[in-house]
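Numbering (this note's numbering), first residue to last: 135 to 395.
Source of the hints: derived by calculation from the structure; they are not laboratory data.
Careful, some of the hints might be misleading.
To be verified - Label pairs and their calculated CB-CB ranges:
| id | residue 1 | residue 2 | range |
| --- | --- | --- | --- |
| 1 | Gly211 | Gly392 | 33 to 41 Å |
| 2 | Thr247 | Thr215 | 43 to 51 Å |
| 3 | Pro221 | Pro174 | 32 to 40 Å |
| 4 | His370 | Val229 | 13 to 21 Å |
| 5 | Gly278 | Gly355 | 18 to 26 Å |
| 6 | Ala369 | Thr297 | 18 to 26 Å |
| 7 | Arg304 | Ser255 | 19 to 27 Å |
| 8 | Gly238 | Thr208 | 27 to 35 Å |
| 9 | Arg209 | Tyr290 | 31 to 39 Å |
This structure is a prediction, so every number in the text was calculated from the model and none was measured.
All residues carry an ideal CB built from backbone N, CA and C; glycine is no exception.
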Amino acid sequence: MLHCDRHSARSRRLPRDARVVRRASPHRVPRPFDDRGCEPLVGTPVVRAALFDLDGTLVDSLPTIAEATVEAFTRHGHPVTVEAVLPRIGPPMEVVARELTGVGPEESQAMYTSYQDLYYSEYIQRTPPHEGAHALIDALSTAGVALGIVTNKNEYGGRLMVTVQGWDGRFGSIVGRDTAAGPKPSPEAALFALRVLNVSPSQAALVGDTEFDMNCGRDAGLAYVIGVTGARTAAHLRAEGATHVVDTLMEAGSILLGGAA
Numbered sequence: 135m136l137h138c139d140r141h142s143a144r145s146r147r148l149p150r151d152a153r154v155v156r157r158a159s160p161h162r163v164p165r166p167f168d169d170r171g172c173e174p175l176v177g178t179p180v181v182r183a184a185l186f187d188l189d190g191t192l193v194d195s196l197p198t199i200a201e202a203t204v205e206a207f208t209r210h211g212h213p214v215t216v217e218a219v220l221p222r223i224g225p226p227m228e229v230v231a232r233e234l235t236g237v238g239p240e241e242s243q244a245m246y247t248s249y250q251d252l253y254y255s256e257y258i259q260r261t262p263p264h265e266g267a268h269a270l271i272d273a274l275s276t277a278g279v280a281l282g283i284v285t286n287k288n289e290y291g292g293r294l295m296v297t298v299q300g301w302d303g304r305f306g307s308i309v310g311r312d313t314a315a316g317p318k319p320s321p322e323a324a325l326f327a328l329r330v331l332n333v334s335p336s337q338a339a340l341v342g343d344t345e346f347d348m349n350c351g352r353d354a355g356l357a358y359v360i361g362v363t364g365a366r367t368a369a370h371l372r373a374e375g376a377t378h379v380v381d382t383l384m385e386a387g388s389i390l391l392g393g394a395a
């Protein structure tokens, strides 16, 4: 099992307003958690491929996503709060816009475009990884597990986040909302990633933090659908299709590398 001495990043207090940090360096890699303080995660893989959600799972992006959303929606005359946005992160941003403000499809698309402009130019560079993410990716790669990303960002955004974190070359498949036939919760997102990796669903796992991830993995028939608590409760994740529920990435790693030698 992987243990870290520091307090989990998931318990950090979320920002209560939408303060904006300007002049972020383009594609600047944020200072990562130092996973050298963790015991090595070793074991025998129980799957041939592991798919990961990005936002809220591998990276602590929910606060910056919420801040960018607040600024974008406010620019369109629809002020919202960070607290209102956070529980709704997961589906495509146009859906969030309609749910929070009641706007129609045309305006929600315009709000999504403003959000993208703000997020990718100012906010994404400030996104840290969740504690244990680097160590987990290293351990699974060393064990020969193929890795993929399945995100409801567009594919450009998913690839940019991977670059920001310093993970270029680590994932054999990066699937965004515009890559496959449908975004999560559609199972096609996971199935597309697995086709690229040449791995069957019965030999794969998906790790995520919302019902969109759980539904996607369950309906794709993956052997392991691991829910990480934080954005959602353990009970909610189980009800939405999780085969396992954990509190940290380290615990997810213990499951994925928990096979018999």
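Which numbered conditions among the earlier hints are violated in the structure presented, ordered from lowest to highest? Numbers 1, 2, 6, 8 and 9, in rising order.
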